[in-house]
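The chain contents come next:
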Amino acid sequence: MKKLISLILALVMTLSIASLALAEKPIKIGVVYKQTGNPFFEAGVRGFEEAQKELGFEFIHNGPADSSNEGQIQIIEGYIQQEVDAIAISANDAAGVVSVLQTAMEKGIKVISWDSKVEAAGRNLNIDPSVAQNIGRVQVEEIAKQIGYEGQIAILSAGATMDNQNTWIRYMQEELEKPEYEKIELVTIVYGDDLTDKSYQEMQGLINSYPDLKGVVSPTTVGIAAAAVAIKDMGLSGKIKLTGLGLPSEMADALKDGTCEGMYLWNPIDLGYVAAYASVAMVKGEITGAAGESFEAGRLGTKEIMDAGDGGTFTLVGDPFRFTPENIDDWKDVY
Amino acid sequence: MSQIKARDSRLKRFLRQRETGLVLVIIALIALVSLRNPNFSSLSNLQFILGDTSIMIVLALGMMCVLLVGSIDISISGIMALGAMTAGIVMKNNLVQPEAADALRTSTPLILLILISMGVGALCGAINGLLISYGKVLPIVATLGMQYIIYGTSHVISGGQAVYRKDMSEAFIQFTRGSFLGLNSKVWIMLAAFIILYLFITYTKAGRHLYAVGSNREAAQMSGIKPETATLNAHIIMGALAGLAGMMYASHDNKVTQDMAMGYEMYVIAACVIGGVSVTGGSGKILGVLLGALTIGVINNGLTMLRLTGNSEFWKKAIQGAVILIAVVTNVLISRGHRRRVLRERRI
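These protein sequences, in sequence, are chains A and B.
Read in this note's numbering, the first sequence has 257 at position 105, and its numbers run on one by one without any break.
Read in this note's numbering, the second sequence has 645 at position 69, and its numbers run on one by one without any break.
Derived from the structure by calculation, the hints contain no laboratory data.
Hints are supplied without guarantee of correctness; some may be wrong.
As the list claims (entries may be wrong) - Listed next, the in silico SDA-like pairs over lysine to any residue satisfying Cα-Cα at most 20 Å (straight line): (1) A:K391 with B:S620; (2) A:K384 with B:L680; (3) A:K259 with A:I225; (4) B:K893 with A:K384.
If we strip away everything but chain A, and leave its shape as in the complex, we get (with noise of 0.2 Å):
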């Protein structure tokens, strides 16, 4: 008796190798994102799973703990090792994976780059989710507005090292320069590492050294969810504007007490969707990611590639949208 279940069993187990070996290897997606725990890229997960479902690849997805580019630097080796055949990735520093990106590229892999950039010698293309100038812009005139057009403000950012980061502040920083800002004055930039409890003290810092403050831009969901928390937590709710990038089911209370009037973002599901989309177009050879191709990204219809001009290319998700204590009820539940 034994011996035939035995010899069963091995049967099963040469049929099922044999016929894994015959079916078509599937095209398997290696996900990279800043950190784990981090709802933003929870929801950017949920556009790869629903793009699976369309196009019926595999994909992995990981991220370190601690928002650093050694942790992701460990994760792509071992994706290499795993012979993954793209590698879709929200760089903690733009320019700290270009060298294992590149071996991994040597191997055949496609590198997409989507939500933060990896520089142009590290990546075939980049997803952006918006024009950065708008992106900047946008939250410039939202703070504007809030303080009157006049007052300090601060800017409470994720890592020092990261790209999108910086690039907007980079176009707040233009933009303040407009005559209509002239009597805002931008007084510091802190840093708060996508660590709430860093970016919490960090905030708690802001108030305490800078009486007159009249309101904090954090152009991170992380920071502006901590911000938001250590605002109320100091009763200074209303007199202290804050407005940023915000994911709408961490900020539905405090864009109903009052804490935040009105912030941005762009859908995180769309960007992870449009991300596998181009990953599939690029392992199947569709498309390279040189200017002037363009790839179909299902529900939201065709994608341009155009010159990033930063010798690489990129293509765009969309716009940012302002949410805000009237229409948040219709969003908190979706990302």
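With chain A's structure known, arrange chain B on it following the hints.
Using the frame of chain A, we list chain B on its own:
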């Protein structure tokens, strides 16, 4: 006449205490940062530092017990995450969410959630303790391995989803936000833990055994103390306190992530060392631990308040390490002087 002399020597003894040296270090740090940013020494900021450091003090109390028996626990940040994640999932699943107002969210009673987290912590601590005392595994190796296992478990039970503010009951959010007599609730929790631990290590047999085992294991064994039991006890206490600290951390941040508090254990060990706890076991005072943690708290907040920006941002970590080293060295020098004086006095 003799009375005056006695009082005089008591005052002198107070001034020569190791703890006095730490108080001076803390005051010097506050003064230095205040030179650049006067708001640093404002009452509200000092209260904030005390509240913020309370979590670290709770952990340092447990770490002191572990260090006293000559062990160490570097899995505590993992225990914080797993304890808070377990309680967080229970809270999320039992949430009654009236659509009308988020502030009215209720769930499992807060006290039960805290007990769940502390229970999970105590269990992890017990596993650590068993591995070290009966399994004879080197403490640093055992708890390093356990840290990975515990963080891994926290990832698995979370199903990849963190617990956010919208999943939390109002009672849990307010857990670290209440205040009584001008002090934050975190400070009161810390004081309660401090007093209980103080009574435990000063007046109970099991508490005294921690010192006995750590200072001379063989002698302790000869006098009928079981070193294994003492080690196990110390790790269970550490685990339970880490569970409590995890809940405080999560409530303060309005968030439980799978990797919560990673790296926090190093601050806690540093706090104990600054506070004069010997890493080889047997010596250390509970008041020293409190002051050691406060020193770290002042350094961390002080660096934020120094208003370093731009490139100097990258210097923060280096400065942090340097200040911790300076604090330790100063403290060692002071206590060496103290010991020498004690010896000299004994000769007379």
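These are the hints, each one checked on the structure:
no.: 1; hint: A:K391 with B:S620; verdict: 17 Å, holds
no.: 2; hint: A:K384 with B:L680; verdict: 17 Å, holds
no.: 3; hint: A:K259 with A:I225; verdict: 16 Å, holds
no.: 4; hint: B:K893 with A:K384; verdict: 28 Å, violated
Consistency with the previously given hints fails for number 4 only.
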